[in-house]
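Construct all of the structure, not just a fragment, from the sequences and the given hints.
Letter by letter, the chains look like this.
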Amino acid sequence: MPERIMFTMGDIASAEGALSAGCKYFGGYPITPATEIAEWMALRMPEVGGSFVQYEDEIASITSVVGASWTGVKSMTATSGPGVSLMLETIGLAVMTETPLVLVNIMRGGPSTGQPTRGQQGDIMQAKWGSHGDYQIIALTPASVQEMFDQTVQAFNLSERYRVPVFVLADETVGHMRERLVIPDEKDLKLEYRKLATGDPADFLPFKPDEDLVPPMALLGSKYQFYATGLTHDERGYPTDKEDVQLELVARLNNKILRNADKIIDLERFMLDDAEIAVVAYGTPSRSARKAIKEAREAGIKAGMLRLKTVWPFPEDALADLASEVKHIIVAEQNFGQVYHMVRAAAAPTPIHLMAKPAGMPQLPHEILDKIKEIDSL
Amino acid sequence: MTTAPPILKHPMMKYIREDRLPWIYCPGCSVGIVTQMVTRAIDSLGLDFSKVVVISGIGCTGRTSGYFKTGTFHTTHGRAIAFAEGVKIANPKLEVIVISGDGDLAAIGGNHLIHACRRNIDMTIICLNNNIYGMTGGQFGPTTEHGRFSQTSPRPIGNPEHPFNLVQLAASSGATFVARWTATQARRATASIEKGIAKKGLSFIEVVGACPTAYGRMNRLGDGLDMHRHFLKVAEIQNGLPPHEAEFDYDRRIVCGEFVNIEKDEYTAVLKQMKEKLRK
Numbered sequence: 047m048p049e050r051i052m053f054t055m056g057d058i059a060s061a062e063g064a065l066s067a068g069c070k071y072f073g074g075y076p077i078t079p080a081t082e083i084a085e086w087m088a089l090r091m092p093e094v095g096g097s098f099v100q101y102e103d104e105i106a107s108i109t110s111v112v113g114a115s116w117t118g119v120k121s122m123t124a125t126s127g128p129g130v131s132l133m134l135e136t137i138g139l140a141v142m143t144e145t146p147l148v149l150v151n152i153m154r155g156g157p158s159t160g161q162p163t164r165g166q167q168g169d170i171m172q173a174k175w176g177s178h179g180d181y182q183i184i185a186l187t188p189a190s191v192q193e194m195f196d197q198t199v200q201a202f203n204l205s206e207r208y209r210v211p212v213f214v215l216a217d218e219t220v221g222h223m224r225e226r227l228v229i230p231d232e233k234d235l236k237l238e239y240r241k242l243a244t245g246d247p248a249d250f251l252p253f254k255p256d257e258d259l260v261p262p263m264a265l266l267g268s269k270y271q272f273y274a275t276g277l278t279h280d281e282r283g284y285p286t287d288k289e290d291v292q293l294e295l296v297a298r299l300n301n302k303i304l305r306n307a308d309k310i311i312d313l314e315r316f317m318l319d320d321a322e323i324a325v326v327a328y329g330t331p332s333r334s335a336r337k338a339i340k341e342a343r344e345a346g347i348k349a350g351m352l353r354l355k356t357v358w359p360f361p362e363d364a365l366a367d368l369a370s371e372v373k374h375i376i377v378a379e380q381n382f383g384q385v386y387h388m389v390r391a392a393a394a395p396t397p398i399h400l401m402a403k404p405a406g407m408p409q410l411p412h413e414i415l416d417k418i419k420e421i422d423s424l
Numbered sequence: 006m007t008t009a010p011p012i013l014k015h016p017m018m019k020y021i022r023e024d025r026l027p028w029i030y031c032p033g034c035s036v037g038i039v040t041q042m043v044t045r046a047i048d049s050l051g052l053d054f055s056k057v058v059v060i061s062g063i064g065c066t067g068r069t070s071g072y073f074k075t076g077t078f079h080t081t082h083g084r085a086i087a088f089a090e091g092v093k094i095a096n097p098k099l100e101v102i103v104i105s106g107d108g109d110l111a112a113i114g115g116n117h118l119i120h121a122c123r124r125n126i127d128m129t130i131i132c133l134n135n136n137i138y139g140m141t142g143g144q145f146g147p148t149t150e151h152g153r154f155s156q157t158s159p160r161p162i163g164n165p166e167h168p169f170n171l172v173q174l175a176a177s178s179g180a181t182f183v184a185r186w187t188a189t190q191a192r193r194a195t196a197s198i199e200k201g202i203a204k205k206g207l208s209f210i211e212v213v214g215a216c217p218t219a220y221g222r223m224n225r226l227g228d229g230l231d232m233h234r235h236f237l238k239v240a241e242i243q244n245g246l247p248p249h250e251a252e253f254d255y256d257r258r259i260v261c262g263e264f265v266n267i268e269k270d271e272y273t274a275v276l277k278q279m280k281e282k283l284r285k
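Protein sequences, first through last, are from chains A and B. Numbering of the first sequence is given in the working numbering, commencing with residue 47 and proceeding in unit increments. Numbering of the second sequence is given in the working numbering, commencing with residue 6 and proceeding in unit increments.
All clues stand as given, with none of them false.
Pairwise CB distance ranges, derived in the manner of DEER restraints:
(1) A:ARG315 to B:LYS277: 45 to 51 Å
(2) A:PHE382 to B:ASP256: 54 to 60 Å
(3) A:GLN161 to B:GLY227: 57 to 63 Å
(4) A:ASP234 to B:LYS282: 30 to 36 Å
(5) A:PRO76 to B:ASP270: 22 to 28 Å
(6) B:ARG234 to A:ASP280: 39 to 45 Å
(7) A:LYS241 to B:LEU283: 30 to 36 Å
(8) A:ASP367 to B:GLN278: 55 to 61 Å
(9) B:ASP270 to A:PRO162: 33 to 39 Å
(10) B:LEU230 to A:PRO76: 50 to 56 Å
(11) B:GLY37 to A:ALA248: 24 to 30 Å
(12) B:GLN156 to A:GLN100: 36 to 42 Å
Just so you know, the hints here were simulated from the structure itself, not pulled from any lab data. For glycine and all other residues, C-beta sits at the position ideal for the given N, C-alpha and C.
See the structure below:
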């Protein structure tokens, strides 16, 4: 399809990004503020020959996505924090069985039912640590309607490349804001697909990794027979309680992401080159920060922003570099301080100031400007 | 000098991962019988085995999928049906079989069971009902009869709850093929599994099995042989009986047979029609 231009909301841009990425299976359950993705998919999926299924709950939704992915179909779900809480069990299964899938989380106010129609960024740590055990996922944090499209495409590429669940973590404001969206010509999109099993089925080991630590994938219904399980398994896929297999598997599941962190992480440096005060932000607060920084510059304050487009794996090295460049770091996020703790770990001993706001209205530009001025006067 | 006779291979071994044997099951368990029923049903239907997907949940029966030599998946507890729906919808050409236990399918996975029946999605669910949580050591489950003893309903307390009748549950939820047999009625059960696989719709086949290690021991029902003999004694075949009359009284009367075999629009076929409608 040639280039298209829409004036639309972030949720729908994400759905269109998924379709452009070749997603052909959506399993979901209605939830504010992510419902528009399901509603859009209900009509668009059958149009492109894919399947939209509304399940009985979020548990079935994401588990069906894992099943669909193992047939070779790019698959996704979309939900909000309460839905992710129900999905965490299967996220662990997807990590353990190395299943490519995309989960769009339009973050709303929490904890619990919270404020369904108000945005927040309270699910950053949940995405990384929600399921039990030690593992890595990838999480992207778009800040505009266009990025909802672009980063959903990227989420599919990363999930296919590393065989891992990838989160698109967008706050409700980004999900529901309306902006111009340019959907590129499909010829201009770079799409990735998982490495598939090759060679003699008799010698095939379904969980034997290549050098990049990612094993080629066998699909259900192919000539390769295999057993995939959430139990600790060896290269044959067979369960074992041996300690060395557990250590090796957990290390590989983590390292296939951590060792490729520089290829995964996407950041924007805004007016940082000579900055003395850096704002670290993502999603909607980063939009406020951009305006505040321009105004601070006009007032003669050397401020800049490091905008995180990827929060997991966490860009530790970039934060350590930033700490050596600037005198102060302000972390502005729409929660009680989540990325803040990661910044503190990576950027100490540079002074780090938290602008926390676990509520629906993000930090406004003048609030961030006031904070920059306050820090500048220290 | 006499030579040892050649060791014959079990005719169904071609469907089994021999390198995973011996398997984990206790002596007297019915899982082996049910596994053989499924292989024989697949064999007599002449299916392309590489297009058959076997999925299970967690528990003793939940380990079954790992012994089939095809595409197999061991999901988390209760989620086998949800996984299977994704597989079937994404690739309707695959023959999808779910084998799991009563605790997995009817307690933690109960919601997925009733909704898959309601959707009438083409898959075959084989539930080995041994009336207990076996793998965790014998706790009462959704099918344990009132008053029965288990590790969480010990003597002299007994189970405070009442069981699901799985035939009634599946039938009232909308399954288009519903049968119940005991593990001792291997040929009849195999024939129903065959019909279930061939049926375009959701087939639910309950196989009442023995867990001598947990259920048998705690309720003094004897060993595996005693329990399987008991099944023959109390099984009463009533093909075509309205499902709500398919009584399950472990000591006295377990009504067996095929109770539902109806025609209804199948889910993936409906999805296909919807796609075609949009393409016009």
